[in-house]
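Listed below, chain by chain, are the residues.
Number of protein chains: 2
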Amino acid sequence: MMTTHEMLVAAQGAKLALARANGAVRARALELMADCVVEDTAAILEANGQDMAAARGTMSEVMLDRLYLDEKRVASMADGMRQAAALPDPVGRVLSRTVRPNGLQIERVSVPLGVVAIIYESRPNVTGDAAALALMSGNVCVLRGGKEAWRSCHAITAAMRRGLVKAGLPETAVNLVEDTSRDSARELMTASGLIDLLIPRGGPGLIRSCVENATVPCIQTGTGICHVYVDAAADLDKALAIVENAKTSRPSVCNAEEALLVHEAVAKKFLPMLKERLVDGRAAARKVPVELRLDEKAAAIIDGAPAGPEDFDREFLDYILAVAVVPDLDAALTHIAAHSTGHSDAIVTEDAAAAKRFTEAVDSAAVYVNASTRFTDGGEFGLGCEMGISTQKLHARGPMGLEELCSYKYIIRGDGQVR
Amino acid sequence: MMTTHEMLVAAQGAKLALARANGAVRARALELMADCVVEDTAAILEANGQDMAAARGTMSEVMLDRLYLDEKRVASMADGMRQAAALPDPVGRVLSRTVRPNGLQIERVSVPLGVVAIIYESRPNVTGDAAALALMSGNVCVLRGGKEAWRSCHAITAAMRRGLVKAGLPETAVNLVEDTSRDSARELMTASGLIDLLIPRGGPGLIRSCVENATVPCIQTGTGICHVYVDAAADLDKALAIVENAKTSRPSVCNAEEALLVHEAVAKKFLPMLKERLVDGRAAARKVPVELRLDEKAAAIIDGAPAGPEDFDREFLDYILAVAVVPDLDAALTHIAAHSTGHSDAIVTEDAAAAKRFTEAVDSAAVYVNASTRFTDGGEFGLGCEMGISTQKLHARGPMGLEELCSYKYIIRGDGQVR
Chain V
1428 MMTTHEMLVA
1438 AQGAKLALAR
1448 ANGAVRARAL
1458 ELMADCVVED
1468 TAAILEANGQ
1478 DMAAARGTMS
1488 EVMLDRLYLD
1498 EKRVASMADG
1508 MRQAAALPDP
1518 VGRVLSRTVR
1528 PNGLQIERVS
1538 VPLGVVAIIY
1548 ESRPNVTGDA
1558 AALALMSGNV
1568 CVLRGGKEAW
1578 RSCHAITAAM
1588 RRGLVKAGLP
1598 ETAVNLVEDT
1608 SRDSARELMT
1618 ASGLIDLLIP
1628 RGGPGLIRSC
1638 VENATVPCIQ
1648 TGTGICHVYV
1658 DAAADLDKAL
1668 AIVENAKTSR
1678 PSVCNAEEAL
1688 LVHEAVAKKF
1698 LPMLKERLVD
1708 GRAAARKVPV
1718 ELRLDEKAAA
1728 IIDGAPAGPE
1738 DFDREFLDYI
1748 LAVAVVPDLD
1758 AALTHIAAHS
1768 TGHSDAIVTE
1778 DAAAAKRFTE
1788 AVDSAAVYVN
1798 ASTRFTDGGE
1808 FGLGCEMGIS
1818 TQKLHARGPM
1828 GLEELCSYKY
1838 IIRGDGQVR
Chain A
1428 MMTTHEMLVA
1438 AQGAKLALAR
1448 ANGAVRARAL
1458 ELMADCVVED
1468 TAAILEANGQ
1478 DMAAARGTMS
1488 EVMLDRLYLD
1498 EKRVASMADG
1508 MRQAAALPDP
1518 VGRVLSRTVR
1528 PNGLQIERVS
1538 VPLGVVAIIY
1548 ESRPNVTGDA
1558 AALALMSGNV
1568 CVLRGGKEAW
1578 RSCHAITAAM
1588 RRGLVKAGLP
1598 ETAVNLVEDT
1608 SRDSARELMT
1618 ASGLIDLLIP
1628 RGGPGLIRSC
1638 VENATVPCIQ
1648 TGTGICHVYV
1658 DAAADLDKAL
1668 AIVENAKTSR
1678 PSVCNAEEAL
1688 LVHEAVAKKF
1698 LPMLKERLVD
1708 GRAAARKVPV
1718 ELRLDEKAAA
1728 IIDGAPAGPE
1738 DFDREFLDYI
1748 LAVAVVPDLD
1758 AALTHIAAHS
1768 TGHSDAIVTE
1778 DAAAAKRFTE
1788 AVDSAAVYVN
1798 ASTRFTDGGE
1808 FGLGCEMGIS
1818 TQKLHARGPM
1828 GLEELCSYKY
1838 IIRGDGQVR
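Those protein sequence lines, which keep their order, are chains V and A. First residue of the first sequence: 1428, per our numbering; consecutive thereafter. First residue of the second sequence: 1428, per our numbering; consecutive thereafter.
Derived from the structure by calculation, the hints contain no laboratory data. Small disclaimer: the values here were computed from a predicted structure and weren't measured. One or more hints might be untrue.
Keeping only pairs whose Cα atoms sit at most 30 angstroms apart, straight-line, the calculated DSS-like set for lysine-lysine is [said to hold, decoys possible]:
#	chain 1	residue 1	chain 2	residue 2
1	A	1783	V	1593
2	V	1696	V	1665
3	V	1783	A	1593
With the hints as extra help, turn the sequences into a complete structure.
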């Protein structure tokens, strides 16, 4: 078995070949990798069958479904790689150019970050998605999937590496960590000098562990306690549609709404509409009614479970919504400042001044006026892809596409200038 | 005494007022702060006199000079604040704008990072410089100066805070940590959620401690083991001027040259020229000759001290230069990849292909062709100012000006869109 350290050294060795391969070569490699993945479908499904067999009985049905691959899911992963190949090359763009009075020409040029490590959990298709985005942005990737998906990830990686070699690129441009113990995650977090960026994609425990332990540059992704604030001046029909969509269209994802704040001037009218839509009425068509957890003021207007204070700090990822009535916009802003994870927050209002104050004051990656928080997504933002959604402010914020996987360097050309 | 935690909470409380103050208000505040600093010159010099008295005997002359303030230095600090006030406002720029097919208008807008903490060492004037750049980029700052400069820093901060209040901004926009023990530095490094960016400005020990201990977002600055490579196709007169300038114009700074690599095809001609210029000849005018530490091949051509292997991994910050002869460009690239700190590296060559290969392969913040590494500086790059030079690849690389002290957020405006 290759140690994680040996793998990281090999990954460093592939950086230069990748940085020098132009966009057309990297795109061609991705197409060959996609072909190899499709060719290897039988081997990938066999490996996945072994993973599934081992996991059955130890995992929930939801988790088993995340682990599961079939011919269609493998084909869709390969398609994703072809789509990444069609995106504009983010490397080598001249971001700024200036000629100084002394004649120095200073260019700021986009370059790959270098070695990007991704720690992810049970979904094996992340292996293909993450490798594709890393390669298209000129980065070597080090993938560390979940233990339970290891055989599947390994089969996918083997196929991708065959494609890399066909394209004349080093197979060490894509690496799968062989050690799936916690030790290897810790080793990636502390591999200073060998990893240029670490992206943890997983639950709050993984993110917290990275924040606490990482000595390598790291991007926090994902945790989303997203708010919708229904203002005194809201169009209540829009508000209802937005709240329903943000909460129920896909509750398990990070851009789903977890808390609703309602201005007291409209609470008596809006909350019964909300209960009818999410709990009593149209909920029947969805089979799953939303559980409303109400603060005191909301509970005085409609029925529902009482909210504990911790309910406003939880990412439910479920058909549960915490609801509070606030006296005014400022109280909503104060609540959001205290409870938001800085992912996505929305105001519903027809009052331009309230919208302006909200977009200025809310310190989140995506701040919405009259739209659902569910749009925070690389595809929906027009980036064409997404490696994750950053909830930190350094380097990248919100959906991370190919440009966010790049750094830059200054290239300065002179004719003997000295200072 | 205010605890560091209390101070950070107060700093967080000033964020919104600062984010909402427009550029003109912040610029005006800086001018009033500069006025107050000049008004308080006597108090600042008195405090500095106490710092100097306490430090004498425990510090080298060089360090004492860094600590020392006089009327001219205080005035120059105030001028720096007025210059920052004249820079273009980096906040609120629309970095991109797109309208999606569903009608959503998505804008990416520059915003302050929030609370920026700066840990620095003995130079008290950093207090004014750092506060000015933080304020002009809309950031609250938390300053943690060196213990030995505390009285000076405190007097400067008191003056600046009077200016803030005159401008109608909260005095907690600029904060000086009162606890100057190591504990407070550690506390800043781990104040997750209270600090949006930590910038350590100091020696390698401080930087390493931040990398190892920081759980808050952090920018590595400064350490510069900078190389000049004299290619086979170099104009040797240019090379000599560049090496002399990069090494001797200011050896104590991070963009000074520490190692020289010479292609063996020109070594026999170039090294004697080098020795004449840096050691024997014009060195007399400078009084301080450069100590050359030579690898075996260089030592076969000229006299000098033998270089130990560790000499190619040292930031001398002194009149010392490590010199190696390399067989070709590839060997120079391999040496630089192994020994550079990613700050600034230069090639001297008239061969366009060699220059291209060098600028592609060298993974440093600033890569030079035919110019001195000494130009890596916010002022020289036309940024107008500089908070430090980043040697990491995440967020900012090279000189950090006002734009690099900002993050961005997405503001999405709709008319009821759901997904």
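Indices of hints not satisfied (ascending): none
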